[in-house]
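Peer 1: Single-letter residue listing:
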Amino acid sequence: MADSSNNDTPSRQLSPIRLGLNLYKLDLARKLRARKTVILFAIQLLPVAVALLALIWVDLDGLQVFEETVAGVYLPFLIPLAALFFGGPTIVDEVEGRTITYLTLRPVPRSILFAAKLAASVLLTVATSTISVIAFYLVCTLGGGGLTEGLDLLGWAAFAVVVGAKTYTTIFALLGVVFASTLLPGIVYYVVFELIIGAVPIVEMLSVKFHLYTLGGFDRTDADDGGARETLEQFLLDQPLEFDWWVGFVACVLITAAATLIAATVFRSREFHV
Amino acid sequence: MKSGVDIKPATSEDEVTRIGDGDVVLSARNLSYWYGDVIGINDISLDIGEGVVGLLGPNGAGKSTLLKCMTGQLRPATGSVTIGGMAVFNNPAVYARIGFVPEQDAFYEEMSGRQFVTELTRLHGYTADDAAELAEEAIEEVNLADDAHRPIAEYSKGMRQRIKVAQALAHNPSALFFDEPLSGTDPVGRRRTIDLIRTLGDQGRTVLVSSHVLHEVEAMTSNVILINRGQVVADGNLFRIREMIDEHPHRIYVDCDRPRHFAALLAEYDDVTTLEFVDRGFFVSTRDPETCYSRIPRIALDEQITLRAMTSEDNDLSAVFRYLVP
Chain A
11 MADSSNNDTP SRQLSPIRLG LNLYKLDLAR KLRARKTVIL FAIQLLPVAV ALLALIWVDL
71 DGLQVFEETV AGVYLPFLIP LAALFFGGPT IVDEVEGRTI TYLTLRPVPR SILFAAKLAA
131 SVLLTVATST ISVIAFYLVC TLGGGGLTEG LDLLGWAAFA VVVGAKTYTT IFALLGVVFA
191 STLLPGIVYY VVFELIIGAV PIVEMLSVKF HLYTLGGFDR TDADDGGARE TLEQFLLDQP
251 LEFDWWVGFV ACVLITAAAT LIAATVFRSR EFHV
Chain B
2 MKSGVDIKPA TSEDEVTRIG DGDVVLSARN LSYWYGDVIG INDISLDIGE GVVGLLGPNG
62 AGKSTLLKCM TGQLRPATGS VTIGGMAVFN NPAVYARIGF VPEQDAFYEE MSGRQFVTEL
122 TRLHGYTADD AAELAEEAIE EVNLADDAHR PIAEYSKGMR QRIKVAQALA HNPSALFFDE
182 PLSGTDPVGR RRTIDLIRTL GDQGRTVLVS SHVLHEVEAM TSNVILINRG QVVADGNLFR
242 IREMIDEHPH RIYVDCDRPR HFAALLAEYD DVTTLEFVDR GFFVSTRDPE TCYSRIPRIA
302 LDEQITLRAM TSEDNDLSAV FRYLVP
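Residue numbers (my numbering), protein chains in the order written: chain A, 11 to 284; chain B, 2 to 327.
Rather than coming from a laboratory, the hints here were simulated on the basis of the structure. Ideal placement from N, C-alpha and C gives every residue a C-beta, glycine not left out.
Covered stretches of chain B, as calculated for chain A (at least 3 residues, CB under 8 Å):
id: 1; stretch: 68-81
id: 2; stretch: 86-96
id: 3; stretch: 104-111
Over 10 Å on every C-beta distance to chain B, these chain A residues come out as not near it, computed from the model:
id: 4; residue: Val48
id: 5; residue: Leu56
id: 6; residue: Tyr199
The shape of chain A in the complex, shown without the other chains (with noise of 0.2 Å):
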């Protein structure tokens, strides 16, 4: 091919990590400008709001609160609905613009495309998130506990803010490059594992929710409408399944990693018909 460069052009660097970090701040300064971002993180902070509003009229056990409110809201609802809303169109935003053709014919490998998509979602899903869940703390405290009473909760808690947000987003991302939709595939996903199965003793390891709960050290039939849990687990066990936190903690890595492996195999192959 000729070379119809002028000589004046500047030199290039095609590194994929440096492409892909390029790609990331690009990525990422669109998202943090999004008016969505902005709805999204409101959202997140209403258990705050409601909190500062109880705080008037109700004596508050704050900690206890907290872990309940962790347990029973943030991990079951607001950490998959930040994520499916920030991972699901990881891709999915780009290829329903059409603008997808501008990412998929620069120098950058496909699998490195995704990951810096994929990392600006996780980076915004699991900032919005543990932002919100300090904030809530810190009004908690207000009502009764002690700011530093409960620092050692805060951190599991935020923990497994932070791996759930992580885990969630990269399995909503894997979705959105499979099914090339977001919203539809996510709450499929949401209702069948984490809400069907994540009800049924034993099976329920299939869900992340599960494995959040583990890594948090909180306890799963607090968190959900405990009744028929707690007849099935009595019938098929004699006890509650019950595991170290770091079990949780690999097994929502590994989710992570196979989801990521899959969807960057998947968009490395895809075809855009834009």
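On the provided structure of chain A, position chain B as indicated by the hints.
Peer 2: Using the frame of chain A, we list chain B on its own:
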């Protein structure tokens, strides 16, 4: 192998269409792509050299599919494409050397034109400063410097077309692909884009431009590939297409205020074979279209007949496809 000096129907399945100047830059062999049961392109073999090459065909002919296969956006069902000897699909080394102007009107709308081009140029491996400088040059080339600071969401259709061209040019690619680049542009923007494409070709780059409008391509190049129903039906020199159009009988519709009088005057000429009256005018069939086209306005002027329209379905690209594809 075809010489590419004259327009000629592609007759043999084994033939490779050769077009453009200099060495072969882009090569396709037995390229096919299907959308389920629907054919996109079928068994296309091409060698394209330097300079501007027009990819002409009616809507739905397979032009965009061919361009997408050539730029690695689609993976052919059969066959192969190489650019500079390298396989295209999923090959970053090739993407570093090509520029693509997509047909779709899609952007990061919240960005300014300058940001859009700069960010996409950074993804070609340039530093922020170098990318900004290259983007500025490309924006100058497409004459958008004065509006580069504005959000793309505020751009007119023509400006949006030009910013798409700028993002494809900024990294100085050796091969450029334009998918319907003049669609929606105003006459001035159209002229500038045509001039730019010609300049890129003159610089020795390989420039492939798809269009369904004959005169658009005519203004850019005389080298064309005609594609219809997913196959290359002819390739070569555009001037020959004009001759082919004129070699075939034409049926011309004349819309005027005194059709019977006008028709009677035309009937005196030997090349006129039939006359058929309709509501507001008449159809005249001729064996010598070129002469007849110049005769009609002249007679109207001499006889003071109001000539409202003079059109023919045989005087455009679709007619050529009718001749070439029985």
